[in-house]
Amino acid sequence: SQKIEQNSEALNIQEGKTATLTCNYTNYSPAYLQWYRQDPGRGPVFLLLIRENEKEKRKERLKVTFDTTLKQSLFHITASQPADSATYLCALDYRGGGNKLTFGTGTQLKVEL
Amino acid sequence: ETGVTQSPTHLIKTRGQQVTLRCSSQSGHNTVSWYQQALGQGPQFIFQYYREEENGRGNFPPRFSGLQFPNYSSELNVNALELDDSALYLCASSLQQGANYGYTFGSGTRLTVV
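These protein sequence lines map, in sequence, to chains A and B. Position 18 (the first sequence) corresponds to 18 in this note's numbering; numbering is contiguous. Heads up: take any position in the second sequence, counting from 1, add 113, and you land on this note's numbering.
Possibly wrong hints are sitting among the right ones.
[What the hints assert, rightly or not] Pair by pair, the computed Cβ-Cβ distance ranges are:
#  : chain 1 : residue 1 : chain 2 : residue 2 : range
1  : A       : Glu5      : B       : Asn184    : 37 to 43 Å
2  : A       : Glu52     : B       : Arg128    : 40 to 46 Å
3  : B       : Asn184    : A       : Asp39     : 27 to 33 Å
4  : B       : Gly129    : A       : Arg58     : 46 to 52 Å
5  : A       : Glu52     : B       : Ile125    : 42 to 48 Å
6  : B       : Asn184    : A       : Ala79     : 29 to 35 Å
7  : A       : Ser8      : B       : Glu167    : 31 to 37 Å
8  : B       : Ser120    : A       : Lys110    : 27 to 33 Å
9  : B       : Phe182    : A       : Lys59     : 30 to 36 Å
10 : B       : Glu195    : A       : Leu70     : 35 to 41 Å
11 : A       : Arg42     : B       : Ile125    : 19 to 25 Å
12 : B       : Leu180    : A       : Thr105    : 25 to 31 Å
Hints listed in this document are in silico derivations from the structure and should not be mistaken for laboratory results. Glycine included, C-beta positions come from ideal geometry on N, C-alpha and C.
Using the sequences and the accompanying hints, generate a full structural model.
This is the structure we're talking about:
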């Protein structure tokens, strides 16, 4: 069955450093991959979408890579700030999967002063 | 431009009861998806509606049902509530069906079944 794995342990980094979060998937042939941010008690907020034929996407301090050979996406936040502290979710659109997004369990990021 | 609005924000129900959750989609969005998120987990897809028709369903039993109205707002109904139904229920709207557009999520309804 399809499986999405994100770092289950929280990631703690210092302010100003680059945070890198990993999303690995198996038994998928996704057409798209999306990243969301979720704060406690709130719904996810859409950040970036990358298509299978794109290697990299950037938006301000955010960068996403998508390697369909490794079945992996990396999500980078450069010059991280305490306000970036949140849970980050990756989600895949499974080709033929009934127009649904399948989410990973998320990685909690904490940016410390 | 308003976002996605869900009501109520919190709800406590007794096992065996029925519940209806409501969602107003973002202006201009014609597709609504519902997700269930247990504590510490990612959202799990329940179903999606496009132009008032169900357009994809996840691994949830038939006691989970929904509706989409002509104004694209939506309802999620759950019958015969079980303790395991306790979760955050999220509604997400998007411009088109499929996941090639980012979803706009509401803040969710926290359902507790006792």
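Status of the hints after comparison with the structure:
no. : hint                              : result
1   : Glu5(A) - Asn184(B): 37 to 43 Å   : holds (39 Å)
2   : Glu52(A) - Arg128(B): 40 to 46 Å  : holds (44 Å)
3   : Asn184(B) - Asp39(A): 27 to 33 Å  : holds (29 Å)
4   : Gly129(B) - Arg58(A): 46 to 52 Å  : holds (51 Å)
5   : Glu52(A) - Ile125(B): 42 to 48 Å  : holds (43 Å)
6   : Asn184(B) - Ala79(A): 29 to 35 Å  : violated (42 Å)
7   : Ser8(A) - Glu167(B): 31 to 37 Å   : holds (33 Å)
8   : Ser120(B) - Lys110(A): 27 to 33 Å : holds (32 Å)
9   : Phe182(B) - Lys59(A): 30 to 36 Å  : holds (34 Å)
10  : Glu195(B) - Leu70(A): 35 to 41 Å  : holds (40 Å)
11  : Arg42(A) - Ile125(B): 19 to 25 Å  : holds (20 Å)
12  : Leu180(B) - Thr105(A): 25 to 31 Å : holds (30 Å)
Going through the hint list in order, the structure does not satisfy hint 6, though it satisfies all others.
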